[in-house]
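If you read the protein sequences in the order shown, they are chains A and B. This note's numbering numbers the first residue of the first sequence as -12 and each following residue consecutively. This note's numbering numbers the first residue of the second sequence as 116 and each following residue consecutively.
Keep in mind the hints are simulated off the structure, nothing from the lab. Here the structure is a predicted model, which means the values were calculated and not measured. Hints may be right or wrong, so weigh each one.
Unchecked claim - Subject to a maximum C-alpha distance of 30 Å in a straight line, what follows is the list of computed BS3-like cross-link-like pairs (lysine-lysine): (1) Lys420/B - Lys355/B; (2) Lys59/A - Lys684/B; (3) Lys302/A - Lys684/B; (4) Lys302/A - Lys355/B; (5) Lys355/B - Lys39/A; (6) Lys684/B - Lys39/A; (7) Lys39/A - Lys693/B; (8) Lys374/B - Lys303/A; (9) Lys701/B - Lys39/A; (10) Lys303/A - Lys420/B; (11) Lys39/A - Lys59/A; (12) Lys409/B - Lys440/B; (13) Lys699/B - Lys230/A.
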Amino acid sequence: MGTSPPPFGLSLSKPSLLPDLPKEEASTGSARAGGHIAPLALYIHWPFCVSKCPYCDFNSHVREQVDQHAWKSALLTDLAHEAALIPGRPLSSIFFGGGTPSLMPPATVAALIEAADRHWGFTPDVEITLEANPSSVEAARFADLALAGINRVSLGLQALDDEALHFLGRAHDVKEGLAALDTAQANFGRTTFDLIYARPGQSLANWEAELARALAFGTGHLSLYQLTIEPGTRFATLTAQGKLPPVDPDHGADLFEQTRAQTAAAGLPAYEISNHARPGQESRHNLTYWRYGDYAGVGPGAHGRRGGMATIRHKKPENWLNAVARNGHGNQSEGALAPAERASEALLMGLRLREGVDLARIAGVTGIAEDTLVDGTAVARLEGHGLMRRAGSALMVTDQGMPVLDRILAEIVAV
Amino acid sequence: MLSSGPVLLIGYDVTELSKIRNFSIIAHIDHGKSTLADRLIQETGGLTAREMTSQVLDNMDIEKERGITIKAQTVRLDYTADDGLTYELNLMDTPGHVDFAYEVSRSLAACEGALLVVDAAQGVEAQTLANVYQSIEHDHEIVPVINKIDLPAAEPERVRKEIEDVIGLDASEAVFASAKAGIGIKEILEQIVKKIPPPKGDRDAPLKAMLVDSWYDPYLGVVILIRVIDGAIKKGQQIKFMQAGTTHLIDRVGCMRPKIEQLPELGPGEIGFITAQIKEVAQTRVGDTITDAKRPAAEPLPGFKEVQPVVFCGLFPTDANDFEKLRESISKLRLNDASFSFEMETSAALGFGFRCGFLGLLHLEIIQERLTREYDLDLITTAPSVVYQIQLAHNGGEMALHNPADMPDPSRIAMIEEPWIEAVIYCPDEYLGSILKLCQDRRGIQKGLTYVAGRAQVTYELPLNEVVFDFYDRLKSISRGYASFDYHQIGYREGDLVKMSIMVNSEAVDALSMIVHRGTAESRGRGMCERLKDLIPRHLFKIPIQAAIGGKVIARETIAAMRKDVTAKCYGGDISRKKKLLDKQKEGKKRMREYGSVSIPQEAFIAALRMGDDA
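Could you put the whole structure together from the sequences, leaning on the hints where they help?
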């Protein structure tokens, strides 16, 4: 296993810091090669929240009542549809995202995990993550969720400051959040949490102290996001009205550098733009996205990539539910991606990772000539500025380049 | 119908001189000129209410949007006054900007009076003053109208006093009106008849008519707006343009009501149009004298001027493939606007385009906007420049320099001359200090300064190249819109001029090079570098921007490298969105020009030239 190259990732010359995932074959190609079967990731979307947060542009909805029985059965139907189309590939990860999947009845979670196992089977070290809200109500369900099969939890802690939590529209305070974190760490093998930083008015010293406190909780993984004002959120309206001052990009850059230095010093270096982990504790599920492996997506608004096909589920919960009842699946669209689209997706996902991409591998899977994937002149220029590194077919963005990755992609992606 | 020769119609009389009134409307933007014009048309039955679209006289979209008139328009109204007689009223809508000062003067020369429309809430505005003075210069009788009296903030009595104090006109009989509400319209018409004198003219003298304006109509060919001074003009008549020296056969004579109405003839004092199978507007010159080819007038009318472009710039298609489309579009525009010129130009960085000449900066902007909007072209406009006369060394002869990029090496130049203007500025006293400073900073020579009732009139000689960029904008801003500006060219003078190059990331950008006076080069260079620093977005590396004369750098700025541009969250469902963002970024890059791996947004080429407050 260890001798086989990763899908689009690099075989680093030094021992890889990344988990030893089964990486036999670029799963966007044929699932079978050399007798090995490429594993698959499964994403399940639970769209409901108690309230909508002002920064969130995810597919989340607030409903008075949810017909739990109908939802459980619809999700199982949608899952079975995907399983029938991509049979025989073991799941290496499942991710329950939302919305607020910690509001799901544990029995529904258990039924979905059980069904997934029945349809596909799991790799021995399968990672099953659930996003959870750090409230006392939800923490009370953690034991049941662990019993249902969840082995990793991702807590939306968001800030370690009551005022900031209020600003972010969160219902919990720091005390309640940390209690939930304790419960999570007691119940699940792996725990990670999210923080949102570069909040309006947040100084470098303030973030440094907050991050130091976060690192002291001893989780093996942290997701640290700079506050982004997304269109269609309350924050976007406030910004447009001039009530929310935009963060100065230079200050944002200072905070980003600080984050990377401080997490690396604490033994949880960045392995992706906003994700930090102790070696071996990286999110396998998310690595599948970034390495542009195959994933099935079920539930409202879920996206999937399987064998060069892109799938998108109906976004609005009711529409999805009706679609499942009518068609036996929640798909709104399903279409083949052109080789150039697949190549550019592989590049823009893969270069978010510290390990970078292997151009030869992308060329092999998409059939696009290796030297036409990126603009060689632009890459050479960026290498000169210390923003990229290229060695043979290996291409990666340096630490210095990471904070300007979007701009780099615009310069180099040639497909 | 007779096919040729003068048409004699029994029973038709041209309007007697005593029953004709020719007038224009003077008004500040938004003070209600167009609404009033529409209301006068409606009141006299020119159009039914159903036919009234708002602002009938402004034909072009740009005119409607900017609230300025570019081409002269006219409308004939038949009005039966209280004295029981029916009068022919000709309303002339004149262009409203100094770029078209000559066209305005010809339009005014066709009238005997003007309505001065002042907003009852806003009072007298500066721009109005210059037009009033111009109208007075043409010996016009001015009828004050205080408009918008129905507004809550209206103070008609205060405004009446202001017209008397500031302008010095008798406003005791000013009409209180609301064009919008239809108040006072009848009284305005009565005053036009009573106060504005009828035109003078001799029906038996040889034909003498002034060419006021012309435009291209796809059905009629070139339509010529005229004012008959003496004699009469008829269908089938052989006419001669005295300045152009050409003869034409008239095939239509008529007036606008505002719909076109054909007439057998136009007599002395009348305003109307003719067509004469003319294909290009360029064949008709504003201010020319039209006379009978067989029985010509002895003298042409005074005041004719050859229209010369004074500002030049390069127009290049953003997409090099659009060059042919640009050529076609420019040729079509030129059919209708003879006052701009064009010739092909090539630029190292911008590829193929055209060097175009304009009457002024507004004219430039209008043409650029029409090309963009009506012909759907993306354009890059280079630095506007004036025409320099260069005497080459060693008896190398003379050359006219239209483009800074063509400037010969200094060693080959014996002398450079630049065009100068005489500018007359009217402004309230309080702004005089900053206006004098502006003129001094632009190498102006003060020629006169007089005060009238809290207003100053200052006359300056100025080099045109100091005026073409943003002088007018600066003047407006430092006087809060209260200064007016009028100019005419006074010939060429020798100047200590040098070519200033701009280098971005050590590469010269030809489209940004300009000719400047040595004495102001440093501050101009510094200003350019500072503005480019703001106009060019940050790149992944730092970018030096330098201004240089010859090999000597005179100003320098540095654009810091971009430090942060990254999507924080990107998981399975975000890929398509991220892909769209990437495509958008790439599309944005296409709208830029590359110089030494630096992308310069196209709007930067012209924006860089606008002076800041320091200038």
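Which numbered hints fail: As far as the earlier hints go, 4, 5, 8, 9, 10, 12 are violated by this structure, in ascending order.
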